[in-house]
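Fit chain B to the known structure of chain A by using the hints.
Number of protein chains: 2
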Amino acid sequence: MLQLIKKDRNTKARAGKLRTAHGEIDSPFFMPVGTNATVKTLSFEDLLEFDTQIVLSNTYHLFLRPGLDVIGEAGGLHEFMSWNGPILTDSGGYQVFSLAKLRKLTDGGVQFQSHYDGSLQFFTPEKVVDIQNVLGSDIMMPLDECAPYPCSREQAEESVKRTALWAKQSREYFLKTQKKKERQYQFGIVQGATFKDLRERSAQQILEVGFDGYAIGGVSVGEPVPIMFETLDWVLPFLPEDQPRYLMGIGLPDQIVKAVGEGVDMFDTCIPTRYGRHGSAFTRKGRIVVRNAAYIKDFGPIDEACDCRVCKKYTRSYIRHLLNSGEILGLALITYHNVYFYVNLMRQIRDAIANDRYWEFQKEFLEMFRSELEPSTV
Amino acid sequence: MLQLIKKDRNTKARAGKLRTAHGEIDSPFFMPVGTNATVKTLSFEDLLEFDTQIVLSNTYHLFLRPGLDVIGEAGGLHEFMSWNGPILTDSGGYQVFSLAKLRKLTDGGVQFQSHYDGSLQFFTPEKVVDIQNVLGSDIMMPLDECAPYPCSREQAEESVKRTALWAKQSREYFLKTQKKKERQYQFGIVQGATFKDLRERSAQQILEVGFDGYAIGGVSVGEPVPIMFETLDWVLPFLPEDQPRYLMGIGLPDQIVKAVGEGVDMFDTCIPTRYGRHGSAFTRKGRIVVRNAAYIKDFGPIDEACDCRVCKKYTRSYIRHLLNSGEILGLALITYHNVYFYVNLMRQIRDAIANDRYWEFQKEFLEMFRSELEPSTV
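Going line by line, the protein sequences match chains A and B. With the first letter of the first sequence counted as 1, position 319 gets the number 815 in this note's numbering; the numbers rise by one all the way through. With the first letter of the second sequence counted as 1, position 259 gets the number 755 in this note's numbering; the numbers rise by one all the way through.
If you are wondering where the hints come from, they were derived from the structure by calculation, not from laboratory data. Be aware that one or more of the hints could be misleading.
Treat identical chains as interchangeable: a pair holds within one or across any two.
Pairs of lysine-lysine residues, derived as DSS-like cross-links and limited to a Cα-Cα distance of at most 30 Å, are as follows [as the list claims (entries may be wrong)]:
1) K677 with K808
2) K793 with K513
3) K508 with K859
4) K676 with K508
5) K672 with K623
6) K692 with K672
7) K809 with K793
8) K513 with K809
9) K677 with K692
10) K675 with K793
11) K657 with K808
12) K809 with K675
13) K793 with K623
Isolated chain A (complex conformation) (with noise of 0.2 Å):
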């Protein structure tokens, strides 16, 4: 699936390339986050001028609206939404354990209520991977249990148990309703919480079961950064050099830098959309907050250094009146700058591994972008 073209002499830093059923991804990349099959407030049109490879989309709320009958019916996920790119779905694990009601978990899987209607569902890890195969999803993800920060040894340990047992029961369904016509891939995803010795034997669990990459996750659930990066630590190196290394959920600009000099590869967040929702744009200075007075005037673009679309032709001023007012657009010209950042940063990123000055641009890059809070404070 990964082919690696080029190892940073420098740094854990490496780029390749993804080959997909819907084209090939250069790696390392970022993933805009499309719960509802829609990346929050921009068209597939806007999505494809800067050449985003891959979207990201959650099973959880596809598979309660509009329903697998719509979208089966529609002939999967890139038809039903007219992206004829990549796309990677999540199993739906995580949104059951924070949106879904009345969660009941037990080894045969997890019943819950939908958060739009209280309807009674129950995911097993067999499911999850029927619901996916519906979607059509480049890239799936199996059934897992996602342990909260903070949380216990004992609630760790179970959710490694379980996980490591649902996937090897969502590895050999996959493998057995695969169609040859269509390749999909499926993820291991490795848990643990913040214990060394879990994150270790879980990595080592899903290893065993086999598959085409590995995802670290149970991150970015409110636990600080630095321990994040300490969990990433731990699990990398079992994983393996020629298979694609997921950290799910991750993160700000910054992190994103900061974990490719460790060796991942691919990142999803809301963030970009997020904080776009929330008048927050990102500059290769910082992050600004585009509501503030001191824009009212401000006849400059978001960030200078940008030649995104937005940057090229509107204003901070025109923007904040645009926010100010409630004006759709507002939100809609953010978002589009923010996830051109990102997509673009990943463009930087990946120019710097091949030019084996990896380490030269994480510096610059750190020095000159403002670190921030946690991104659950916006």
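This is chain B only, laid out in the frame that chain A set:
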């Protein structure tokens, strides 16, 4: 200002060209409404994709927010919102009557409270010209008094009188303050509510002042559609052939098609954008409510006869899902289609006039397009 190119053989429809400082406009034409310096949910790139010729913006709103100091410092409204095409701004009078609080009306002007912050404001005929000078509108409108529907004869008579007084003051001040460099136009507005003789009196008075074009105001304020067309019949004979005729705030597609047949050149209405935000889309066969359950698995475009970007790519099923999920993209896609529908309708209208077949076009269109209730019902 208006160069008449073609008069239809069988109707009073006419096609022409308007020259403005920001480009030529083929008439008859439609002006999408950009109240807060944005056509709701659309970018100016969107509008340029289908050759929107001109946009309308609201003096009342822009004066209050972001305010003239911001737009003035930006270099005018074109610069502020990054739209280099023609702009028409209304006088703000209608909004003072429909939105503002605690109005106090005298011959000197109108005092009102901002509906945003309650601040006390005063519009005079001269001030409204000043504001639109700062905005840099290609076509500006003079302060007028728009009588409500229904209204007494006394009320209507008073508004005709005041509108005439203000028209004279506005025109004099406009001519005095015009800079030669960048040509702006100013239109007169005919009032008179639903009284034939008052409409005729108002038309004569406004014509006597002499403007660059003439608008019929005080329509689409709640009166039945047949009365609106009657009003049109009363006023149009007074308007000179060689100057543009603008029917303010009209209307549904079938109303526009009919009014063009009577000799109207210019239209504006928030119907395509407002209906779009409510999930209603225009098609050649009438309006459809995309949110309806009938479209859950309808994988066809909004309008099969439409060649807009949205209809080429997205399905009713997908757009319905977006609306149901509260996704902004759903509103933006329908609005894009609706505004395209209007702009493209005007293109078809001009083609029909050019080919001396407006009578046939009108007949075909009105037979195909299901007629509707008043716009105010949505």
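- Hints violated by the structure (listed by number, smallest first): 2, 4, 6, 9 and 11
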